[in-house]
Amino acid sequence: MNILFNHEKCSGCGVCKLACSIVNFTQVTPAKAMLRIEGLFPAPGRYQIHFCDQCGICAEICPVDAIALEDSIYRINEDDCIACHECVTACPNCVMIIKKEDDMPAKCILCGECAIVCPRDAIMISEEETKAGCR
Amino acid sequence: MYGYAGKILRIDIGTKEISKEPLLEKMCLEFIGGRGFVAKTLYEELLPDTNPFDANNPFIIATGPLSGHFLPASGKTHFGSKSPATGGYADSNMGGHFGPALKYAGYDMAVITGKAKTPSYLFIEDDTIEIRSAKEYWGKGSIICEEMMKKNLGEDFQILTIGPAGEKRVKFACISHDFGRQAGRTGIGAVLGSKNIKAIAVKGTGSIPIFDVKKAYAKGKDAFKKVSQKPGFKGWTPEGTAGITDWVNEVGSFPAKNFQTSHIDHSHMINGKKVLERLKITDKGCYCCPTPCGKYGHTKTALGSAYMEGPEFETISLFGGSCMLKTIEEVAYANYLCDELGIDTISGASVAAFAIECFEKGLITENEIGKKIRFGDLESIVYLLNLMSLKQNNLGNLFAQGVKTASERIKQGSEKFAIHVKGLEWTGYECRNAPSMMLAYMTADVGAHHNRAWVLGHDVVGEATNVHDLITAGADCDKRAKAIVSGKDSAKFVIDSQHTRPAFDLLGCCRLQMMELGFEVENYAELYTIITGEKITWKKILEISEKVWNLTRMIWAREIKGFGRKSDYPPPRFYEEPTPSGPNKGHCINLEEIDELLDAYYEARGWDNNGIPTQKTLDRVGLKNMIDGGLK
Numbered sequence: 001m002n003i004l005f006n007h008e009k010c011s012g013c014g015v016c017k018l019a020c021s022i023v024n025f026t027q028v029t030p031a032k033a034m035l036r037i038e039g040l041f042p043a044p045g046r047y048q049i050h051f052c053d054q055c056g057i058c059a060e061i062c063p064v065d066a067i068a069l070e071d072s073i074y075r076i077n078e079d080d081c082i083a084c085h086e087c088v089t090a091c092p093n094c095v096m097i098i099k100k101e102d103d104m105p106a107k108c109i110l111c112g113e114c115a116i117v118c119p120r121d122a123i124m125i126s127e128e129e130t131k132a133g134c135r
Numbered sequence: 136m137y138g139y140a141g142k143i144l145r146i147d148i149g150t151k152e153i154s155k156e157p158l159l160e161k162m163c164l165e166f167i168g169g170r171g172f173v174a175k176t177l178y179e180e181l182l183p184d185t186n187p188f189d190a191n192n193p194f195i196i197a198t199g200p201l202s203g204h205f206l207p208a209s210g211k212t213h214f215g216s217k218s219p220a221t222g223g224y225a226d227s228n229m230g231g232h233f234g235p236a237l238k239y240a241g242y243d244m245a246v247i248t249g250k251a252k253t254p255s256y257l258f259i260e261d262d263t264i265e266i267r268s269a270k271e272y273w274g275k276g277s278i279i280c281e282e283m284m285k286k287n288l289g290e291d292f293q294i295l296t297i298g299p300a301g302e303k304r305v306k307f308a309c310i311s312h313d314f315g316r317q318a319g320r321t322g323i324g325a326v327l328g329s330k331n332i333k334a335i336a337v338k339g340t341g342s343i344p345i346f347d348v349k350k351a352y353a354k355g356k357d358a359f360k361k362v363s364q365k366p367g368f369k370g371w372t373p374e375g376t377a378g379i380t381d382w383v384n385e386v387g388s389f390p391a392k393n394f395q396t397s398h399i400d401h402s403h404m405i406n407g408k409k410v411l412e413r414l415k416i417t418d419k420g421c422y423c424c425p426t427p428c429g430k431y432g433h434t435k436t437a438l439g440s441a442y443m444e445g446p447e448f449e450t451i452s453l454f455g456g457s458c459m460l461k462t463i464e465e466v467a468y469a470n471y472l473c474d475e476l477g478i479d480t481i482s483g484a485s486v487a488a489f490a491i492e493c494f495e496k497g498l499i500t501e502n503e504i505g506k507k508i509r510f511g512d513l514e515s516i517v518y519l520l521n522l523m524s525l526k527q528n529n530l531g532n533l534f535a536q537g538v539k540t541a542s543e544r545i546k547q548g549s550e551k552f553a554i555h556v557k558g559l560e561w562t563g564y565e566c567r568n569a570p571s572m573m574l575a576y577m578t579a580d581v582g583a584h585h586n587r588a589w590v591l592g593h594d595v596v597g598e599a600t601n602v603h604d605l606i607t608a609g610a611d612c613d614k615r616a617k618a619i620v621s622g623k624d625s626a627k628f629v630i631d632s633q634h635t636r637p638a639f640d641l642l643g644c645c646r647l648q649m650m651e652l653g654f655e656v657e658n659y660a661e662l663y664t665i666i667t668g669e670k671i672t673w674k675k676i677l678e679i680s681e682k683v684w685n686l687t688r689m690i691w692a693r694e695i696k697g698f699g700r701k702s703d704y705p706p707p708r709f710y711e712e713p714t715p716s717g718p719n720k721g722h723c724i725n726l727e728e729i730d731e732l733l734d735a736y737y738e739a740r741g742w743d744n745n746g747i748p749t750q751k752t753l754d755r756v757g758l759k760n761m762i763d764g765g766l767k
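Protein chains in written order, with the numbering used here: chain A, 1 to 135; chain B, 136 to 767.
Incorrect hints may have been included.
[Claimed, not checked] Subject to a maximum C-alpha distance of 25 angstroms in a straight line, what follows is the list of computed DSS-like cross-link-like pairs (lysine-lysine): (1) K9/A - K369/B; (2) K670/B - K356/B; (3) K369/B - K100/A; (4) K415/B - K9/A; (5) K107/A - K349/B; (6) K9/A - K435/B; (7) K285/B - K9/A; (8) K670/B - K360/B; (9) K142/B - K99/A; (10) K360/B - K9/A; (11) K349/B - K99/A; (12) K175/B - K99/A; (13) K175/B - K675/B; (14) K107/A - K175/B; (15) K9/A - K408/B; (16) K356/B - K9/A; (17) K100/A - K349/B; (18) K142/B - K100/A; (19) K9/A - K361/B.
[Said to hold, decoys possible] Taking beta-carbon pairs under 8 angstroms as the criterion, some of the chain B residues facing chain A (in silico): (20) E282; (21) N287; (22) E290; (23) F292; (24) T340; (25) I343; (26) I345; (27) F346; (28) K356; (29) H433; (30) L438; (31) Y442.
What the hints contain is simulated information worked out from the structure, not anything from laboratory work.
Only a predicted model underlies this, so the values are computations on that prediction, with no experimental measurement involved.
Note that the Cβ used here is the ideal one computed from N, Cα and C, for glycine as well.
Pulled out of the complex, with its shape left as it was, chain B reads as follows (with noise of 0.2 angstroms):
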């Protein structure tokens, strides 16, 4: 089918057979791309009961139709596994330029099985598929080793690598690319790590067959106008994604000392602006992105100075907030430390800050940390980060399984400021009294992760507004004092914004044009349509979307034993202790109203009371051949 490169690569590591199969025109249609092809491959050819670091669970990577194409950021690359942190449906992405650079190679997607026997890395050159030593890379960092094999391979090759949290299947590793992106969510890095794949390095000289050339070209360009044309193209860009720090923190949704509170003093020192003053060197884009979120710099702390990329929104509110360091030269610090060990910063900081919250309670001891520990402190933030990457003491064993195995072996009431749902640590928005995103962190597919449905506006505001709108039109959180649990509302926003935002993902190319700036949705279909001569609308993506919500949901049920109500429910913080101070001071949401939002989401969603998709709602979304008779 147009639009695609047309190939899947199968690679046994262990057993070093390589094939390549054609891609169907039934699956394109039928699940686009991206993490549509990551859902239905797992459902499909994940093996019952298999542990995630055996040597069976497939770890995918997985492009759209539209990655590589000649629009608005199509750099977005996918990956799929059964998770390390949660157990159950993972999928990842990231930006930078590893996808498109595999289409051109001629593969839209990739699925790796096996476990090698020895350190090594993959090569792929068009046709050339090697497996080859990575001996001189195991044990080094994901930046360095990314810039040894740059300059062994050549500039031209996009690589992906693990560090040695990643080595050391650190549930919480990530993968690096472009010295700064990452796939950071779900232990998806620690997956490679348990295959003895320390890398991938591809490079594609071909071209990606396409419908209408011309057309597409003209209409691609349109796009590139239309996004410049956005307020938020001068706007937002110049900031990124951190710009939005000082107004998360203002509507009192910034997470505060592991989550205790939700607003800090310090955000002025933490924030966009900062990040400009005192890090960056230059903007950084994915792939043909108009608009680059990343801000690569340089940073000076009294522990190091290091190149780095970032820190962006999440990084600075995990790591300015919920571990309360003071600069943004600190912030920065700990962001490159994360990169270059391989983890996740988001889980990184969490796990730091519960280590933290744990030492000050007496739940854990000076002795078994092997250090004094405390919030704002740069240098307990260093130690514990090695500490959970490189599994450096007993402690250091249980903070790399991530907070909630942390708290089900340390007790003593842990569980309750255990940031977490399903096992994935929280990201940077506080929800206490913002019951949409709460419910949106509750179901969203791969634990509590942000980028499924991002509806804090709506908490804010009562409506969807894209995000350069929210923040430029300041931090008036008069109606959201008082916001109530509507959970029909809130039901309604959230499985919107979970259609909306994953639907990118099928797609190959990023939502931040849309989500941040408003470029219209309607011309993703038009662009779809030229590339791969078959008509869509926005209205068919969608409704695939809410197909491969429901698999995914169905890959939970069958992944995780007693999978359902209960695994939604969000961390008993939030709904026992009321916020302690800041613009929320005294709201917490009560048991009852979680139990609220999840019957009028459940009931939206056509899903039973505990939480499983029927078989009508099965049948209804598309998935009767797929799944038929329920459960497997």
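Only chain A is shown next, with the shape it has when bound in the complex (with noise of 0.2 angstroms):
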């Protein structure tokens, strides 16, 4: 499964935001999303979605190698990780984020659950075998 991206539908609702916090982690805060809808205001005028990519760098930069590469989606291994952070840091779109109650990281598993939710069409599942990208 992959997911596809077209920042010219999103109007920045966060739906996706919400759904992810409330089915990753049973909390409805979307600050625990692990995308971000970034708003260019006043100029350009448009909504630049933030994904992850499963580019793998977290799992290159992960000292304690706990994040690692399994049906083409990086997981984190709780066990194994050791709270640093550097993955969260070294994150290129800034879509990782830290669980306040336990301090671990957490990161986009490909769920697929903001695409079900967007009400526009502009996060849509594909079920092709390649990385995460825009349309």
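Combine both chains into one complex, guided by the hints.
This is how it looks when you write it as structure tokens:
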């Protein structure tokens, strides 16, 4: 599975972020969303969706190899993680978060919920086995 | 209580005392939230004879139990105070993202009193509350200020600002947010200005407690799905509120030349299609909104170009109709200027149109104004907007008070075409042949505003229908050409609508999915029940809405000396001058019919002949303990 993004269709409503926090953490708190919407206002007047494209930089930087590729998705192994947060800092799209409750990092695992709930089709699920990206 | 953040934030900006108190369950159950909290707090905490610009006048920000939750359009934020525009009850709400952020920070409501010694802004980040210097932002336009603050604080802060007009206490100054959303009405921005508060920035990283998160998420998804299946989802959303422009004009309810008449010839130049063709860059949604009204774009005119959100219907009707601007680009430019100066587009355009009519009739001179002004001329409108917003000369100072005060000073019959009720300028529907909508304006609890009851559809087709169905059915106004004042019918339509629409302002979510698309109200009662864990029916929500309506009426009666039936009269233009042209040519409601409407309305509400709730009614609606023995 893969997720495609169409920035031009995004209206900045943030439904994706709220769904991300509810589905992944059972909490109503978009601050925990593992994607970002940036409003480029007043000019040029559009939205930019920042998302995890499974680039793997988090895994490369991890000093204890706690992030590994499984079925095209980089996952954090919390048993190995030492909560140094180097991955969060290194994420080029700034879409990794630190969970307040246990200080652990978290990242997108391509659950696809953001695409399921997007009312604008700005985020879509694709079954193609390629990296997440823009259309 | 589940669904709420759980705390009220209190800030005295003068003494810098900050406190956080628990939100009591009793208050939630009795007043729900949003404007219910605003009305309760104002009734209990506003000291008698407080000037709106007095440090003691509370500035209230309130969210509702549904704000910030996973459901369609849960982004509404309510502001309340004693109104600088009217001296009476004020609440004004806006979409965007501010209210949810406040809840995520942990606060359902904030009450701000006092006056800062120097220009300040409020910084709220979860538990951290600071009063910071706004020196670098003071004097800046609303949009520029927000851009600067986002740059300085970060993208994830939600910011509300006032413009120069708010700083100068223009009585129709607004609050701006998210580069194009406003709490426009009642001069609420001037209250912030009077407290020396330029802006409020909030970031919340917490979670809102919820009774059954899985069930609420499932129901929320179901609600989004149902909204997306409504015909209006694809039919109404593309143009948003601007899509109603041609219909309102065709049925003869479009304000033209300061409401002299009710039809224009150039609606095709300023309608929703033109917004899409000539302006739009992107749809711009409020929080969790699947059907964004906001159309963000760019406009180019002979006088300048600008990025701006809108214009939406009200701005189109007032600038394109009442001021007669000829193209959507010109309307959008006037819209942008109001946003940047920080004034309500509705009142700003109405004051401009009033000024031009005064000038045309020779009641004010070119020398006094500083320029010749005329309808349909962008240069005149831009000049007037700057004049009133920046209080640039004596007339600018006068116009900054709104059309009621301006007409009382100018006199010479100008009172007859000062288009307002209770001091608040009339919004975008001309009503000489729309008795129900006329009554809605007369009795709206902030002054002449359409958002408390929208019943123009009843006047045109004789029954309630959602807006998408109404406008797609066309503008056949056969029935309406013979619209007869039926006080009882009109009173019923208006009261039903006055309870239904403001019910959403209690809950903290937008009404447009219900009003424009026909998304069923029962869904909201179900969402409330799942989110809060308190079982409620829509009927019960309406009962609380009626209670709040009676409470706001009591605030008016307490604050305005001699408040009563005459406060509900529309301007004489509507009952003395028959419509001179258009589909409703010759129509005019008379004063006797106005009184018949009010008689029926007061009776149906259980108010006395002067429009004051009786003790029996106050007891019935649940205000017995709060307002025992009549007026305080």
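Inset, instruction - Against chain A, run the beta carbon of K356/B and see if the smallest gap drops under 8 angstroms. - result: 7 angstroms, holds
Legend entry - When the least beta-carbon distance from I343/B to chain A is tested against 8 angstroms, hint result: Given a least distance of 4 angstroms, the restraint on I343/B holds.
Inset, instruction - Would you mind confirming whether the straight-line C-alpha gap from K9/A to K408/B stays at or under 25 angstroms? - result: Measuring from Cα to Cα gives roughly 19 angstroms; hence the hint holds.
Legend entry - Restraint check, 8 angstroms cut-off on beta carbons, for N287/B near chain A: At 15 angstroms from the nearest chain A Cβ, N287/B fails the 8 angstroms test, so the hint is violated.
Legend entry - Given hint K349/B paired with K107/A - CA-CA distance at most 25 angstroms: Holds, at roughly 22 angstroms.
Inset, instruction - Quickly compare the C-alpha distance for K369/B and K100/A to 25 angstroms and report which way the hint goes. - result: 40 angstroms, violated
Inset, instruction - Take the C-alpha atoms of K9/A and K369/B, compute the straight-line distance between them, and say whether it is at most 25 angstroms. - result: With a Cα-Cα distance of about 14 angstroms, the restraint between K9/A and K369/B holds, given a limit of 25 angstroms.
Inset, instruction - Below or equal to 25 angstroms on CA atoms is what counts here, so check K100/A against K349/B. - result: Roughly 21 angstroms separates the two Cα atoms, so the pair holds.
Inset, instruction - Would you settle whether the hint for I345/B is holds or violated, based on the nearest Cβ-Cβ distance to chain A being less than 8 angstroms? - result: 6 angstroms, holds
Legend entry - Agreement of K415/B and K9/A with the hint, judged by alpha carbon distance not exceeding 25 angstroms: 13 angstroms, holds
Inset, instruction - Take a quick look at whether K670/B and K356/B sit within 25 angstroms of each other, Cα to Cα. - result: 20 angstroms, holds
Legend entry - Hinted pair K356/B and K9/A, Cα distance within 25 angstroms: OK: K356/B and K9/A at ~20 angstroms, within 25 angstroms.
In terms of the numbered hints stated before, the structure departs from hints 3, 12, 14, 21, 23, 27, 30, listed from lowest to highest.
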